[in-house]
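Between the sequences and the hints, there should be enough to build the whole structure, so can you do that?
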Amino acid sequence: MQRPHVLQIQKTCDQEFIKRVERESGQQVSKCYQCGNCGASCGYTFDFDFPVNQIMRLVQLGQKETVLGSRSIWLCANCQACTTRCPCNIEVARVMEALRIMSVAEGVVSKKNILLFYDEFLELVRRYGRVFETGLVARYNIKALKPFTDADLGPQVLMKGKLALKPHKIKGLKAIEEIFKRFESHRGK
Amino acid sequence: MLKRVAYYPGCSCEGMAIEYDQSVRALCYVLGIELVGIPDWNCCGSTPSHSYDPLLGAALAGRNLAIARSQGLDVVMTPCPSCLKALKTANQVFRERPSEFLDVLGMPFSGDVRAISVLQLLYEEIGPNLIQKAVKFPFKNKKIVPYYGCLLTRPPAFAQFDDPENPVSMDRLIEAAGAAVPDFPHKTECCGAALGITQRDVVMRLTGRILDMARAVGADALAVACPLCQQNLDLRQDQVNRALKENFNLPVLYITQIIGCALGIDRKTLGIEKLAVKTDALFQSA
Ligand code: SF4
Ligand code: SF4
Numbered sequence: 000m001q002r003p004h005v006l007q008i009q010k011t012c013d014q015e016f017i018k019r020v021e022r023e024s025g026q027q028v029s030k031c032y033q034c035g036n037c038g039a040s041c042g043y044t045f046d047f048d049f050p051v052n053q054i055m056r057l058v059q060l061g062q063k064e065t066v067l068g069s070r071s072i073w074l075c076a077n078c079q080a081c082t083t084r085c086p087c088n089i090e091v092a093r094v095m096e097a098l099r100i101m102s103v104a105e106g107v108v109s110k111k112n113i114l115l116f117y118d119e120f121l122e123l124v125r126r127y128g129r130v131f132e133t134g135l136v137a138r139y140n141i142k143a144l145k146p147f148t149d150a151d152l153g154p155q156v157l158m159k160g161k162l163a164l165k166p167h168k169i170k171g172l173k174a175i176e177e178i179f180k181r182f183e184s185h186r187g188k
Numbered sequence: 000m001l002k003r004v005a006y007y008p009g010c011s012c013e014g015m016a017i018e019y020d021q022s023v024r025a026l027c028y029v030l031g032i033e034l035v036g037i038p039d040w041n042c043c044g045s046t047p048s049h050s051y052d053p054l055l056g057a058a059l060a061g062r063n064l065a066i067a068r069s070q071g072l073d074v075v076m077t078p079c080p081s082c083l084k085a086l087k088t089a090n091q092v093f094r095e096r097p098s099e100f101l102d103v104l105g106m107p108f109s110g111d112v113r114a115i116s117v118l119q120l121l122y123e124e125i126g127p128n129l130i131q132k133a134v135k136f137p138f139k140n141k142k143i144v145p146y147y148g149c150l151l152t153r154p155p156a157f158a159q160f161d162d163p164e165n166p167v168s169m170d171r172l173i174e175a176a177g178a179a180v181p182d183f184p185h186k187t188e189c190c191g192a193a194l195g196i197t198q199r200d201v202v203m204r205l206t207g208r209i210l211d212m213a214r215a216v217g218a219d220a221l222a223v224a225c226p227l228c229q230q231n232l233d234l235r236q237d238q239v240n241r242a243l244k245e246n247f248n249l250p251v252l253y254i255t256q257i258i259g260c261a262l263g264i265d266r267k268t269l270g271i272e273k274l275a276v277k278t279d280a281l282f283q284s285a
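Heads up: the sequence lines are chains A and B, in that order.
Heads up, the final residue of the first sequence is numbered 188 in numbering that gives the first Met the number 0, and it's a clean run with no missing numbers.
Heads up, the final residue of the second sequence is numbered 285 in numbering that gives the first Met the number 0, and it's a clean run with no missing numbers.
Rather than coming from a laboratory, the hints here were simulated on the basis of the structure.
Note that this is a predicted model, so its numbers are computed, not measured.
C-beta atoms are modelled at their ideal positions from N, C-alpha and C, and glycine is treated no differently.
The reader is advised that the hints may include incorrect statements.
Said to hold, decoys possible - Partial chain A-side listing against chain B, Cβ under 7 angstroms, derived: (1) Thr82; (2) Glu96; (3) Arg129.
Shown next as structure tokens:
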């Protein structure tokens with residue numbers, strides 16, 4: 000019988016991981032006493048593989064692989080309900096964000112389509128300085144192999160003159176490119 | 000009272016939320032607030048930049064604050080809560096990691112340009128009393144529920160605006176426009192935000208819940224202050240109806256459109272016809 004969520008805590012506890020999450024999120028994860036407020040406040044719990052309070056517990060236990068590979072960190076919409084309601088004043092949403100960033104860096108993103116969408120968005124920012132929705136949805140649909148996502152919305156937004164078909168290129172594109180380049184070299188350090 | 004602010008519309012106000020931009024501009028004009036454009040502004044990076052070190056988004060957003068500063072302005076107003084968060088995060092990252100931030104940004108940055116939402120401008124700088132006095136066409140016998148979404152008041156230490164659990168700023172503004180405001184328990188429940196394209200089923204469920212509650216409290220319309228919330232609730236309302244076998248028919252207006260109408264600005268200028276769900280019933284006197 001397969002039991003996907005049985006954790007061998009002693010074997011897989013990664014102390015370094017705990018320290019890194021605390022450092023990168025700026026939050027003391029060890030303060031969490033599992034009251035469950037965050038999980039109860041989160042609108043996405045029904046679709047998470049681990050409710051956000053369990054993510055917090057898994058971080059405390061150093062369960063790097065389980066946490067960074069979870070759906071939860073990518074379905075999190077950064078809505079801040081958890082942070083607002085944590086009695087220990089832990090900025091839980093910042094922990095989730097740090098975990099997302101780490102999962103990209105480690106190449107273990109569970110919801111690749113969401114990262115793809117974000118990357119396409121940033122690519123447009125880099126190319127044009129601004130984002131135009133037509134281009135974004137089109138690029139995402141092609142790369143995600145979902146050509147008809149939101150095609151039903153097209154006609155009415157077009158008729159109402161809401162969709163720019165051409166991107167607006169800003170003049171300071173060079174400045175934007177330089178921000179991206181300096182960021183990349185900073186990250187490489 | 001603020002008379003002159005830098006205006007950061009954000010990318011959605013050039014596309015799907017063009018009526019938000021139109022109504023913000025028209026309303027500020029009528030209320031005597033000068034909106035100064037930020038020359039050659041760029042995208043703030045929004046949610047997507049948060050899959051990487053916050054330095055990237057902070058620098059992208061920071062460029063706009065730096066340009067506003069170079070124009071001699073110290074307040075930037077934006078209608079979009081996601082842009083607001085990005086602009087404020089730029090100041091925060093500057094405070095927390097100044098040298099790295101300045102390295103990536105590559106231009107002078109003072110960190111003293113304050114970012115506020117249009118809702119904050121209307122509520123704190125102009126105020127419901129003044130607006131009420133200016134109202135010419137009150138929404139008589141109509142019920143409008145305010146939906147604040149996630150980011151305008153959360154987390155409280157960061158937002159520094161209104162109450163995180165039971166915000167009332169939009170309530171007061173809607174009342175000033177002459178409509179009744181029923182209690183609405185889902186004021187700050189998340190609508191699904193940017194997951195509309197990638198995880199549509201999640202958005203159907205969350206948005207459906209909000210529409211369901213609005214209908215249950217007898218709302219004639221919802222008021223929003225966020226382009227993403229507006230899209231999910233209005234443009235996707237048909238998708239919700241199909242996905243959940245429902246028949247919601249609730250207009251979703253920007254708060255700026257609601258106040259604008261009450262002040263007598265014509266509906267075309269406010270972009271009312273660009274909304275997806277028809278608003279006719281809202282403007283018929285009961
Ligand atoms: S920020 Fe993320 S984890 Fe926290 S309540 Fe919102 S969706 Fe859930
Ligand atoms: S609300 Fe705070 S203390 Fe409670 S479970 Fe969540 S993170 Fe832990």
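Checked hints:
no.	hint	result
1	Thr82	holds (4 angstroms)
2	Glu96	holds (6 angstroms)
3	Arg129	holds (5 angstroms)
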